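A.B. asks: Chains as they are written, first to last, in full-length UniProt numbering: chain A, 1 to 298; chain B, 1 to 273.
These are computed hints drawn from the structure, not numbers from a lab. A quick note: this is a predicted structure, and the numbers were derived from the prediction, not measured. Beta carbons are placed, not taken as given, at the ideal position from N, Cα and C, and that holds for glycine. Check the hints yourself; a few may be wrong.
As the list claims (entries may be wrong) - Among the chain B residues that face chain A by a calculated CB cut under 10 Å, a handful are:
id, residue
1, Ala6
2, Ile14
3, Asn18
4, Thr22
Claimed, not checked - From the derived model, a few chain A residues whose C-beta atoms are all more than 10 Å from chain B:
id, residue
5, Ala78
6, Glu94
7, Leu102
8, Asp161
9, Arg166
10, Arg219
Chain by chain, the residues:
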Amino acid sequence: MQTTLALSQITKTFGAVRALDAVSLHLAPGERLALLGHNGAGKSTMMKIILGLIDADGGEVQVMGAAPGSAAARRATAYLPENVAFHPALTGLEQIGHYLRLRGEPASKAPALLDRVGLGHAGKRRIGTYSKGMRQRVGLAQALIGRPGLLVLDEPTSGLDPVSRRDFYALLDGLAADGASILLSSHALTEVEARTDRIVILSRGVVVAEGRLEDLRTRAALPVTVQVIPPEGGMAALAEALPGGRPMGAGLRFEVAQAGKLPLLSRIAGLGALVADIEVEPPSLEDIYSHFSRRDGQ
Amino acid sequence: MSRILATAATEFRIALRNRWVTIAVVMMAVFAVVLSAAGSAPTGALGSDRLSVTVASLTSLAVYLVPLLALLMSFDAVAGEVERGTLPLILTYPISRAELLGGKLLAHLAVLSIAVAAGYGCAIAVALAVDADAARGLPAVWRLLWSSVLLGATFLGIGYALSALARRPAGAAGLAIGLWLLAVVLYDLALLAAIVADGGGAFTTGVFPWLLLANPADAFRLFNLAASEATAAAAGLGGAATTIPAWQALVSLLLWPVLALALATAAFRKVTP
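Please take these sequences and the hints and turn them into a complete structure.
C.D. replies: And the structure:
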């Protein structure tokens with residue numbers, strides 16, 4: 001099987017609102033895809049259609065070669081909803097044990113799963129006493145049950161501190177290396193930068209950009225920022241030798257197109273002692289994201 | 001089946017934590033003891049044993065309490081999951097909606113069975129303590145027990161259906177209380193009023209028996225009173241009950257849980273997470 005997930009021309013309307021408009025998407029085994037978009041861009045709707053929780057108005061979805069929501073698709077798919085919730089009266093161990101049994105696995109695997117997400121110490125406490133981050137980890141733990149072929153994660157790192165986020169992405173790397181496909185949405189754009197293979201940007205239900213980060217970067221053709229910092233008191237000399245810069249902080253700031261980056265750098269290198277330091281900032285994912293999602297008239 | 005059992009085990013645990021088991025058992029036990037202690041005066045006159053008389057009182061108690069307990073436990077089943085936000089996740093698991101309801105039903109029926117068994121057990125103990133002959137009434141109590149569970153299953157199913165239709169716990173609770181009033185209080189009052197107005201005409205002989213059978217609470221009462229003739233005199237609607245054979249009431253009692261669960265499943269299928 002070469003595609004874990006295939007969406008073609010998916011359309012969904014809620015009343016007068018077109019939540020998804022002819023969205024197509026493919027996901028290969030072991031691939032990690034980040035879904036970006038504003039609130040209401042259609043990310044959660046797309047995920048719910050993939051999971052079979054709601055039906056699309058038009059188009060076709062295949063999950064591991066089966067219809068979404070079918071028994072085969074459900075067995076192969078793990079889901080982590082946005083703001084995941086559990087019954088407050090159950091303990092973490094009981095809740096994970098329940099999910100294990102629903103997937104036909106022994107509840108005795110629950111402690112190991114909670115350990116994997118760093119919740120081993122709190123397993124015997126009721127979920128009602130957990131913080132949001134802890135509930136999110138219970139959600140992650142249940143998504144790891146039974147080696148799923150497809151993981152659908154709706155803003156999985158919300159509520160996690162930076163260290164936990166890093167651990168979480170390390171977990172995902174391991175799963176992807178084992179051949180699981182991962183579809184995740186995120187608002188923390190910079191965080192998915194190094195952690196996903198492909199990015200899809202949704203805006204008002206339409207895919208406005210899709211590709212590897214490098215491709216999107218090239219297509220957006222956003223300027224590169226170069227910050228040149230002179231030695232103590234050398235600002236005037238630098239500005240004279242290198243015109244066109246905007247003074248910012250302790251140095252001069254240049255915004256050049258990709259093609260102009262290397263010529264500028266070689267000029268700077270030729271300035272010798274006039275330059276104390278230099279910083280090159282490629283356009284961030286936020287820049288690229290707003291470039292694409294704004295293109296649609298926002 | 002293992003998924004239904006897993007759901008039932010978890011739901012039972014939740015019922016235990018939410019004190020539903022304690023509340024149900026204490027409620028049934030207290031009422032049963034009070035009734036069996038108080039309702040003993042006419043024993044000698046009727047010439048039947050103490051326990052058989054108590055069964056008549058217990059039947060009237062169960063008609064009110066069993067549906068109430070069942071509705072109280074079930075109104076949250078779907079609406080609560082919607083409100084907490086736990087429904088979307090569980091529906092992506094390889095468990096069907098019917099299996100999910102089946103698991104909840106099993107757990108809630110277990111709680112209900114424990115409660116009625118505790119209540120009737122107390123009544124048996126009281127009766128045996130004062131009347132050595134009371135053992136003769138044990139079959140009647142057994143019949144009361146399993147028909148109470150059937151009655152409970154009916155109202156659990158209806159409760160799930162209301163829960164799925166309302167989609168909010170507050171709305172579901174309101175509907176549940178309304179239905180309870182309608183089914184076990186107002187329905188009988190309306191029938192009595194109609195009989196009085198009809199004065200023994202076509203309604204009383206032709207329509208009335210079917211209307212009694214159509215209400216699961218009345219069918220339950222009919223079945224338990226008709227099956228034990230010694231106690232028929234003690235019941236308000238007993239006079240009418242004698243014209244309806246017990247097997248018809250039993251059929252109604254058996255059909256209702258099936259119908260209620262089918263309704264619940266159909267309503268649950270319409271819920272979009």
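A.B. asks: Hint by hint, note whether the structure agrees.
C.D. replies: Hints versus structure:
no.: 1; hint: Ala6; in the structure: 4 Å, holds
no.: 2; hint: Ile14; in the structure: 5 Å, holds
no.: 3; hint: Asn18; in the structure: 6 Å, holds
no.: 4; hint: Thr22; in the structure: 14 Å, violated
no.: 5; hint: Ala78; in the structure: 8 Å, violated
no.: 6; hint: Glu94; in the structure: 7 Å, violated
no.: 7; hint: Leu102; in the structure: 5 Å, violated
no.: 8; hint: Asp161; in the structure: 23 Å, holds
no.: 9; hint: Arg166; in the structure: 25 Å, holds
no.: 10; hint: Arg219; in the structure: 35 Å, holds
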